[in-house]
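Enquirer: Chain residues, written in single-letter form:
Protein chains: 2
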Amino acid sequence: MSTASADENSLRRTLAQKQSTIEIQGGAVRQLKSSGASKSEIDAAVQALNALKLEKADIESKLQAAIGGGAGGNSAASRDAFRQNVVNTLERRLFYIPSFKIYRGVAGLYDYGPPGCSVKSNVLAFWRQHFVLEENMLEVDCPCVTPEVVLKASGHVDKFTDLMVKDEKTGTCYRADHLLKDYCKEKLEKDFSLSAEKAAELKHILAVLDDLSAEQLGAKIKEYGITAPDTKNPLSDPYPFNLMFQTSIGPSGMSPGYMRPETAQGIFVNFKDLYYYNGNKLPFAAAQIGQAFRNEISPRQGLLRVREFTLAEIEHFVDPQDKSHPKFTDVAKLEFLMFPRDDQVSGQSAKRLQLGEAVSRGTVNNETLGYFIGRVYLFLTRLGIDKDRLRFRQHLANEMAHYAADCWDAEIESSYGWIECVGIADRSAYDLHAHSEKSSVALVAQEKFSEPREVEKLVITANKKELGLAFKGNQKMVTESLEAMEEKVAMDMKADLESKGEVEFHVCTLGKNVTIKKNMVSISKEKKKEHQRVFTPSVIEPSFGIGRIIYCLYEHSFYTRPSKAGDEQLNVFSFPPLVAPIKCTVFPLVQNQQYEEVAKLISKSLTAAGISHKIDITGTSIGKRYARTDELGVPFAITVDSTSSVTVRERDSKDQVRVDVEKVASVVREVTDGVSTWADVLKMYPLHSSETAEE
Amino acid sequence: MSTASADENSLRRTLAQKQSTIEIQGGAVRQLKSSGASKSEIDAAVQALNALKLEKADIESKLQAAIGGGAGGNSAASRDAFRQNVVNTLERRLFYIPSFKIYRGVAGLYDYGPPGCSVKSNVLAFWRQHFVLEENMLEVDCPCVTPEVVLKASGHVDKFTDLMVKDEKTGTCYRADHLLKDYCKEKLEKDFSLSAEKAAELKHILAVLDDLSAEQLGAKIKEYGITAPDTKNPLSDPYPFNLMFQTSIGPSGMSPGYMRPETAQGIFVNFKDLYYYNGNKLPFAAAQIGQAFRNEISPRQGLLRVREFTLAEIEHFVDPQDKSHPKFTDVAKLEFLMFPRDDQVSGQSAKRLQLGEAVSRGTVNNETLGYFIGRVYLFLTRLGIDKDRLRFRQHLANEMAHYAADCWDAEIESSYGWIECVGIADRSAYDLHAHSEKSSVALVAQEKFSEPREVEKLVITANKKELGLAFKGNQKMVTESLEAMEEKVAMDMKADLESKGEVEFHVCTLGKNVTIKKNMVSISKEKKKEHQRVFTPSVIEPSFGIGRIIYCLYEHSFYTRPSKAGDEQLNVFSFPPLVAPIKCTVFPLVQNQQYEEVAKLISKSLTAAGISHKIDITGTSIGKRYARTDELGVPFAITVDSTSSVTVRERDSKDQVRVDVEKVASVVREVTDGVSTWADVLKMYPLHSSETAEE
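The listed protein sequences derive, respectively, from chains A and B. Position 257 (the first sequence) corresponds to 257 in full-length UniProt numbering; numbering is contiguous. Position 175 (the second sequence) corresponds to 175 in full-length UniProt numbering; numbering is contiguous.
Hints in this document: simulated from the structure, not taken from any laboratory. Misleading hints may appear alongside valid ones.
Heads up, the list lumps identical chains together, so a pair's fine if it works in one copy or across two of them.
Mimicking PhoX-like on lysine-lysine, the simulated pairs with C-alpha atoms at most 25 Å apart in a straight line are [to be verified]:
| hint | residue 1 | residue 2 |
| --- | --- | --- |
| 1 | Lys-604 | Lys-281 |
| 2 | Lys-518 | Lys-220 |
| 3 | Lys-600 | Lys-333 |
With the hints as extra help, turn the sequences into a complete structure.
Expert: Printed below as a string of structure tokens:
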């Protein structure tokens, strides 16, 4: 239980006490009135009642603050206002556009407009540089259309579902857990009469929401009397809805297919070829960037929950017996917010840990997982994600798939709360196993021993003749069960047979016990020489939701500052040059043939240097032009105010330096490529101060 | 009729004559035998017959050569062998992989493996640089999932079909035109007894194949007795099959959607926002790179006809009254193979034309279209497409959509023949009109006049009262037809009404003529002052099939050369550095701790310089290591043979220079970035000749 919620609980209790005191006092007032007490007596009692009401109002506002004041200390209202401001700016400047807007759009589908598209391709280019190139990963590019068999093997056909309820009259569909979540949140936030116990119950539901079965969800919806939000009609029982977009491959209508819900499966099915391509050596990583599709029941939260999105996924294949990483020392010294499972369960909050210690203490399962956590931290913060609003949260035991060894989410705090943007999971051998089994193609690796190794192997030999005599038609099933025994079970049986001559044995496939006698089976351990080890590699999977990262980046980069005249608030996106959609603008200070020509000349050299930029030769005031480009997050502006030298302005400091026309493109190139910093530029070139330039 | 096919025709005629001579001579021999002629007489006749047969065989082999010897002078067999060699190399080195191979794959779906994925991302990065950045285009990124209404407006729901036939017993589906095409080609290539007339008929069918209706195709399939290729079962009549992958958006099942068959529609529906983003100014171009989907009936031709592919499309919006282009002079001097409509019709072949002349003579409709043709030529040849196997072919009148003003395809010659890789079409205002109409949102541009302009406008005023009296219930349709008259029709009617008092007028919506009298309508021209012109922009659309370009590039880059020992042919891809999947390899000459450390040091500086590279520290001979990387098209190899300096080898010349360890990363960077050429490097650094180094 965190401090905040402890406060909240004690406030709810105080409030409930105050309420009953008020009721008692109200009763006293009524009593006095009906018993004909004196005016002064009544007045005093009413005054006391009013004082109590004021105290109650005071507690209510404290409670309001305790509920609304999430991390960051902002109230829900101010978070909403902030988000509205960001989103308005993003839509107005076409960072994104609801898709097919002229046809009134489709929920959960968005276009990236020109600056958004540019930010996205910058993020992806940096991802390729930071992961694929730096780690020599094998990048692949597989289709989105996927035949059913692949997604049957991966489990998506059977299990990739959300629970849905329908408005029983209109047929409108809702996500069952969202309705329950909304109910609980609204109650907790707005109902001050809620008892501390009831509040705790609702909080518990929110905590275990993901684990509730259809029956449990349905029962809660009934218990709380939740109805369809739009119509207040009753709701159906929850039932599973598969989130994949289904289609049909080829003209026959006989080959069902789906739009892939993730890119990872394309890598798993190619493991054999990729392993060969890598010279039959482990570890290696394959990577893929591409579209994925989820037919969400009722998308909301804007860019955070959409029906089509770009994923960037890495599958790092590693020997399950050796998950060390040669470059772990490069990241071991990093310190950042981590939120281990135990701290979550014991109600603590995320704290700064050193990655190396987290791995050596076993908080993070292994070095390779730790290495990727560190690399993800570097990736996100270099993009411009605020390190104080980034945490790595470990999955709770009940959140994690049964096969996973460990799993950490990079969560970024936004106005919607903490958002899972990157999942970093040790998925063990699950996926390769599943595809091996379904396809009957062995997806394994070999370790050749430099010298043959002696290993002890369990050998179970069933005497089929004796078993046949004893069990007749059941012989086959008994034999199979005997041969499938694990080492401990088998060795126990061996001991029992030797001491007692017979033993009871449970055959699952028969659903009953049988009596096994000494002559029916021989169990022994034999030593064998092996020249290699064949095993299914483990997979460590960092999976990036690119759209979510970009949206959080927008929120973290956004700020407002007053215009010079002080009459309005101007919007700024403080993107680092790496991410900025346009690196530089070129303005002639005044409309003038000569300046325009210089501007065009500079534009040419910027194009040659590969710097995306924009010329603005409109007659608008220079201040307005700066404001426009600040709102697009353009880090540098070149203003042409002479034919020999120009000024370069940095967006956030608004500092300007004077640079020769011939040099300006290379100066801007160096500072956008990260070869030099703005501080370096300030040292090398004279500061330009112009009162008139800025507005 | 080209020269080749003229040859072929005369050979077919000679062959037919020879055949009948042989038959006559055969008859003569039989006659002699049955009439008991002398042995010497019979022998002489048989000898003559044999001589005739030899002559026939000679003509047949000439005919075979005439048929097989397509452009490039290779026979069909050697083209197939070449292709097999390229494709084997591509698959073995994982440039591409049939998707979901462990599940026996899905026709028409391919993965890009590591080197293919890298080539693709290099091609796309260069496309962005060459088009988007250079021309300041507005790049957008829209979803693949598209609601039905959008593709209804664009015409895809109704018309994006291929004609299909089914095996009447097994239900297997085939493309009707492909079966007819195969039949004609096989007959023409293998049936030497074909008459010149029949051959001409089959060739005509091949020429007009795309224009045949379902009925015409069905009739031909019946006439020629074409059956299902796999079973020889009879085929159904051809019927249209829509090529879009259909799906359903949201959980209700009530919102049909499709996977987009092209990216263009995403741009058209955003025209209004993009025009605003561009400061309400024309011309401007929007661009999009993304996946597109076509559920081909029976995909073949490997990477050339696939069910999912990457398109890169540009929509350049321009005032239909001014299609000049300010940068046209930059490309006007280019000369390359063009194949205008008239030359195709008159049986000539493609010839080198100067682009500027092609535009000024009106061969190419306008400067903007011409500008893009030139830019496409530069793009493709810089990627490494052989300029002699690249032509721009104008669409024939019957190939072009009815609304298109002009259309040219960049066709690249491959082992499959000439392949359409880029379409460059002036689509006029068709798409914006269609979406304006369907969405009721005006997708238009305005031209503000600096001074108001006087324009003459046609004004047609129907007298509804008189029309109502005359036509009763049909009044509305007559009125609408009158008001919709074009200027010439209206002015003719005005003249007729003035001279004759009445006139016959055809009302399409009624399907009959009515008599219009003078008092029913007034027609006049009025002068008005206008302050602006509102119009629907024309669209010029260059559309790139990225996968096709890449496949053709593979074929154009592939060659073999003997190994040093001369005992085998080694494969080489001669990719330019721009495209090469890996720019550089680093090899220690021998396995040795010191050299390995130098190699790792060089690798680090290459990573820092952003150069994708690979270290190979296996003990394989240096010659084998070179051969391996030549087959991946790696342009440069650094061999560490000392701790102070290393050699750099260029792939195609096999020349080597010696460079200091500290300098080598920057030398490789400059030559891969195109800042310097290999010739520059040869001038600056000492040539290294080592007999032992190469194998």
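Enquirer: Hint by hint, say whether it matches the structure.
Expert: Hint by hint, here is what the structure shows:
1. Lys-604 x Lys-281: between (48 Å within a copy, 21 Å between copies)
2. Lys-518 x Lys-220: Neither: 55 Å inside a copy, 78 Å across copies.
3. Lys-600 x Lys-333: Classified as between: cross-chain Cα gap 23 Å, same-chain 48 Å, threshold 25 Å.
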